[in-house]
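S.K.: Here's the letter readout for the chains.
Number of protein chains: 2
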Amino acid sequence: MTESERIPTESTKPSIDEVIILLQQADFDQLKFLLNHFHPGQLADILEAMPPKERKQLWDLIPESQGADTLTLLHDEVRNSLIVEMPTEELVAATEQMNVSDLADMIEELPERIRQSIEENLSDEIREHLETNLSFEEGTAGRLMSPDVITVRNDVTLEVVLRYLQLHEDLPDYTDGLMVIDRSGLYQGKLLLNKVLTHDKTSLVKEVMNSQHPAILATTDEHEVAHFFEQFHFVSAAVVDENNYLLGRIKMDDVICILRAKSDHALMGRDGLHEEEDLFAPVISSAKRRTVWLGINLVTAFLAAWVIGIFADTLDKIVALAVLMPIVASMGGIAGSQTLTLTIRGLALDQITNGNSGWLARKEVLIGIISGLLWALVVAGMVWLWFQDTGISLVIAAAIVINLVAAAAAGIAIPLILQRLNIDPALSGAVILTTVTDVVGFMSFLGLATYYLL
Amino acid sequence: MTESERIPTESTKPSIDEVIILLQQADFDQLKFLLNHFHPGQLADILEAMPPKERKQLWDLIPESQGADTLTLLHDEVRNSLIVEMPTEELVAATEQMNVSDLADMIEELPERIRQSIEENLSDEIREHLETNLSFEEGTAGRLMSPDVITVRNDVTLEVVLRYLQLHEDLPDYTDGLMVIDRSGLYQGKLLLNKVLTHDKTSLVKEVMNSQHPAILATTDEHEVAHFFEQFHFVSAAVVDENNYLLGRIKMDDVICILRAKSDHALMGRDGLHEEEDLFAPVISSAKRRTVWLGINLVTAFLAAWVIGIFADTLDKIVALAVLMPIVASMGGIAGSQTLTLTIRGLALDQITNGNSGWLARKEVLIGIISGLLWALVVAGMVWLWFQDTGISLVIAAAIVINLVAAAAAGIAIPLILQRLNIDPALSGAVILTTVTDVVGFMSFLGLATYYLL
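Chains as they are written, first to last, in UniProt numbering: chain A, 1 to 454; chain C, 1 to 454.
These aren't lab readings, by the way, just hints derived from the structure by calculation.
One thing to keep in mind: the hints can contain errors.
Because identical chains cannot be distinguished in the list, a pair is counted as satisfied if it fits within a single copy or across any two copies.
As the list claims (entries may be wrong) - Pairs of lysine to any residue residues, derived as SDA-like cross-links and limited to a Cα-Cα distance of at most 20 Å, are as follows:
1. Lys-288 / Ile-370
2. Lys-56 / Gln-351
3. Lys-56 / Ile-83
4. Lys-262 / Leu-347
5. Lys-317 / Gln-388
6. Lys-288 / Leu-298
7. Lys-56 / Asp-17
8. Lys-317 / Tyr-451
9. Lys-56 / Gln-42
10. Lys-195 / Leu-171
11. Lys-53 / Leu-366
12. Lys-53 / Trp-359
13. Lys-262 / Glu-138
14. Lys-53 / Glu-18
15. Lys-56 / Gly-355
16. Lys-195 / Glu-159
17. Lys-206 / Arg-183
18. Lys-53 / Phe-28
19. Lys-53 / Gly-358
20. Lys-195 / Thr-151
21. Lys-201 / Arg-163
22. Lys-56 / Glu-18
23. Lys-56 / Gly-358
24. Lys-262 / Ala-226
25. Lys-201 / Glu-159
Owing to the predicted nature of the structure, the values given are computational and were not obtained by experimental measurement.
So that you can see chain A by itself, here it is in the shape it has in the complex (with noise of 0.2 Å):
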């Protein structure tokens, strides 16, 4: 074995600045054979470092044959910016070598009439997978799975089994066994390649088969689906309808992209962003998606500015206080943050419920307590020094205790609120926590002046 083979050391990794070099040289050749050495995982990475411009240019430069399983490895944003601009026939060309729950993904977002020309360029059989596919919902296991199953009746030996095998040039990746059905088609088990290898020829499928390997059902939820296949070490499982009729698979590499997917909406939706969103996208697209989020902003921001002019009497006669106001805020958004991001996940893994969510709450509002005091005392103190201020020393310290104990309640009870409601917590958590901490920050700290300094 050469050195070259060996992965994976940096200079074998696709250099996304020499991709980019030679582009501005426009030197298409030495590019074209660069290319050529990439596989369609290392082509979707370096597409989707590129800007607009330069990633259309590399589009039109990727070999045909490797066109169509990047295509599908791209993130939906990516992927929609190149269709837009492929000539039809290209596209239907691409469609043919695509499985179908990929197809089913991408076909659901192109114009009916390029939808048209795909669909009936397909043959009959994979048409019929792809509406099978497309009758279950977005995110459920029927979307998701494949009809690449191979399988065999329950009432031969392994014998017939590996005579069957051999008449495969090779297995669809990721199979780790075959599924078992009765004569109807019936779901029976999983007939594991490593009991196919170790058991006698002789034996007899449904001897050798697990059918404790359990099914899923089509109308299952995807995040289901990746618990399961976590839980049971699976490698694939078979997909079933409610009668226990074998649809087809799903595979490792799904659950993959579901984790992904469900840890990249955990930590874009914070920030108003889509899982999906493309950083390469083009400024105007860009621009009008984020300037939503902060349009929402505005209208917390707006709250506390106005729950500070209750106070501009207040603020007026003592000027420290609007010096100080923002460190009450702030320290309570900060707290109240950390709660909310382990209620958050907490919840995302099934862990909170309503047994425990008392003894949570319980605790973070005793840590709120205790950090509330701890900090309290040290604040008071840096602002006796700053303004030698007793009064003011000793409103900050009460505010601060106050706002952190608010914001540990807020953290906890704002995303189980949300999610009794079936808003997603991820999403519009972060807002609500602030408005809280924000609203309960300026208000304990010039109410407590108000009615203590004047």
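We have chain A already, so just place chain C on it with the hints.
M.R.: Same frame as chain A, now just chain C:
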């Protein structure tokens, strides 16, 4: 197949509340009966969703046969909380059933005395494997690998391989192929199980094996490992030393753990939380860690207050400025946070390079200008309606444009600089960004007001 064997339906999922209720009722017989029906992955999930006292009670009720597997599936922090209470003999017994990479993971954090007892109790073979794993740094392929590899020589026929496999009762999880080695143990390639099944039995291993199937160098970073598994659709891959000597293998489920830890780190790091943070940790240990984060943010808050303090005279004269100033800071914080999140994710996915970071910076700043102008107009209008003061309206509009552009520039520059300094941007990026948007926001708004309105 009966309904109960089909997953996942809500009813077959372990009910955490049911467990909590049985614990409260001290109905330990029923509880033991229930726990017996869960497998280790489910038991780990349940334990992680328990408050500390209940967690310990429950742990004592878990059947011994499941103990070791359950222990390895827990997050570090939860596991450590259980281990410290276990009698050494019990812990030693549990480790006997653990696999080497889990054991390596755990043993490092144990006190020397317990560690010795465990190591003395291991078989020579396992201890040797453990030492090999521990000789590699945490976060490398060598630490992740397990020794459960089935190897074959390259100069035998498939016939021989099949006979050899039939000596095994079962193959280890995620065995999609056998590792091919030469006489001296050097890695030659992978013999996929499906090739064994589909090829003629008289073929030699070296004719059928995939010599292109790359091995992973033991010193490779785990994130690279995950990347390659995804790109090449691996289910398992060989790990070799620098001489190409086969040391072990990495499996798909290791990769899922890496991906999960990475996404948890990105999500939790922003709030100064550790990715292994135990939702149900005791109050004191949680408060300790979180309070450090509040302290760091307090520095930022005082810095912002100090900036405001410079303009105390201005605030004293125009109280409306105090009312409005949080709006400028908050809009900058939100916009900057969007750019920061996108940039950190782009860096994590290796999408941002020298060649495209310039394009990206221009794009983000341009978005900042567009959003800035749009929202400056809206805010100026609202402020005019509120205070009927053209001067203040113009000043806040200008400050918002300045702060949104600064936020975009900071959102992209901060993570790039931090990465070059080898500081994790997911951890400290948000704090630094807030400092910038607060300081620039207050400074530009109050500075412009001082200059033009006094």
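S.K.: Hint by hint, where does the structure go against what was stated? Just the numbers, ascending.
M.R.: Failing hints: none at all.
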